[in-house]
Amino acid sequence: MTSIETASARTAEETATVDLLIYSDDVDTRRAVIEGVGRRAAKGLPRIRWTEAATHAGVLQKVAEHDFALLVLDGEAAKVGGMAVSRQLKSEVYNCPPVLILTGRPQDAWLATWAEADAIVPAPLDPIELQEAVARLLREQVAK
1 MTSIETASAR
11 TAEETATVDL
21 LIYSDDVDTR
31 RAVIEGVGRR
41 AAKGLPRIRW
51 TEAATHAGVL
61 QKVAEHDFAL
71 LVLDGEAAKV
81 GGMAVSRQLK
91 SEVYNCPPVL
101 ILTGRPQDAW
111 LATWAEADAI
121 VPAPLDPIEL
131 QEAVARLLRE
141 QVAK
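1 is the number of the first residue of the sequence shown in full-length UniProt numbering; add one for each residue after it.
Since the hints were made in silico from the structure, they are not lab data. Glycine included, every Cβ here is placed at the ideal spot set by N, Cα and C. Just to be clear, a hint being listed does not mean it is correct.
Straight-line distance between alpha carbons at most 25 Å, and here's what the computed BS3-like set of lysine-lysine pairs gives [unchecked claim]:
{"id": "1", "residue 1": "Lys62", "residue 2": "Lys144"}
{"id": "2", "residue 1": "Lys62", "residue 2": "Lys79"}
{"id": "3", "residue 1": "Lys43", "residue 2": "Lys144"}
{"id": "4", "residue 1": "Lys62", "residue 2": "Lys90"}
{"id": "5", "residue 1": "Lys90", "residue 2": "Lys79"}
{"id": "6", "residue 1": "Lys144", "residue 2": "Lys90"}
Derived Cβ-Cβ restraints for the label pairs, each shown as a range [what the hints assert, rightly or not]:
{"id": "7", "residue 1": "Ser91", "residue 2": "Gly58", "range": "16 to 26 Å"}
{"id": "8", "residue 1": "Ala42", "residue 2": "Asp67", "range": "18 to 28 Å"}
{"id": "9", "residue 1": "Tyr94", "residue 2": "Glu140", "range": "14 to 24 Å"}
{"id": "10", "residue 1": "Pro106", "residue 2": "Ala16", "range": "28 to 38 Å"}
{"id": "11", "residue 1": "Tyr94", "residue 2": "Asp126", "range": "31 to 41 Å"}
{"id": "12", "residue 1": "Thr15", "residue 2": "Ala109", "range": "35 to 45 Å"}
{"id": "13", "residue 1": "Gln107", "residue 2": "Ala64", "range": "29 to 39 Å"}
{"id": "14", "residue 1": "Thr15", "residue 2": "Arg105", "range": "36 to 46 Å"}
{"id": "15", "residue 1": "Thr15", "residue 2": "Gln107", "range": "35 to 45 Å"}
{"id": "16", "residue 1": "Asp28", "residue 2": "Glu132", "range": "20 to 30 Å"}
{"id": "17", "residue 1": "Trp50", "residue 2": "Glu140", "range": "11 to 21 Å"}
{"id": "18", "residue 1": "Arg139", "residue 2": "Thr15", "range": "10 to 20 Å"}
{"id": "19", "residue 1": "Trp110", "residue 2": "Lys43", "range": "32 to 42 Å"}
{"id": "20", "residue 1": "Pro124", "residue 2": "Thr15", "range": "33 to 43 Å"}
The whole structure should be built from the sequences, with the hints applied where relevant.
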């Protein structure tokens, strides 16, 4: 590979973006996830463009309209929690993107399994654990 090709590949990698959806009825939870993961989950992965949803209807609409690389759903969201949303999307959306569920406690992992979540991060949210989970799921998407 020539230096021009290498520079071009690096530039393409630096400008590539993926869309991620964060669902929570709590603005502070959405902010914590966005700030915890940041603009890039890990070196070598594309930049992240976040879309926020605060309601169940908002999630369904945004998933229907956009091609997300990953969905981050708050399992503790009021009215319709992220686990119910995950279960619905996994059964209704063809090629549903991977789902990361934020659980209220580690013991809720079995519920996330029922919801067909691809990963979980329990509260309290650890930014490093959150970032690593997002990076792992994004790497799996790239490998496909």
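Hint check:
no.	hint	result
1	Lys62 x Lys144	holds, 23 Å
2	Lys62 x Lys79	holds, 18 Å
3	Lys43 x Lys144	holds, 19 Å
4	Lys62 x Lys90	holds, 15 Å
5	Lys90 x Lys79	holds, 19 Å
6	Lys144 x Lys90	holds, 18 Å
7	Ser91 x Gly58: 16 to 26 Å	holds, 19 Å
8	Ala42 x Asp67: 18 to 28 Å	holds, 21 Å
9	Tyr94 x Glu140: 14 to 24 Å	holds, 18 Å
10	Pro106 x Ala16: 28 to 38 Å	holds, 34 Å
11	Tyr94 x Asp126: 31 to 41 Å	holds, 33 Å
12	Thr15 x Ala109: 35 to 45 Å	holds, 37 Å
13	Gln107 x Ala64: 29 to 39 Å	holds, 33 Å
14	Thr15 x Arg105: 36 to 46 Å	holds, 39 Å
15	Thr15 x Gln107: 35 to 45 Å	holds, 42 Å
16	Asp28 x Glu132: 20 to 30 Å	holds, 22 Å
17	Trp50 x Glu140: 11 to 21 Å	holds, 19 Å
18	Arg139 x Thr15: 10 to 20 Å	holds, 19 Å
19	Trp110 x Lys43: 32 to 42 Å	holds, 33 Å
20	Pro124 x Thr15: 33 to 43 Å	holds, 34 Å
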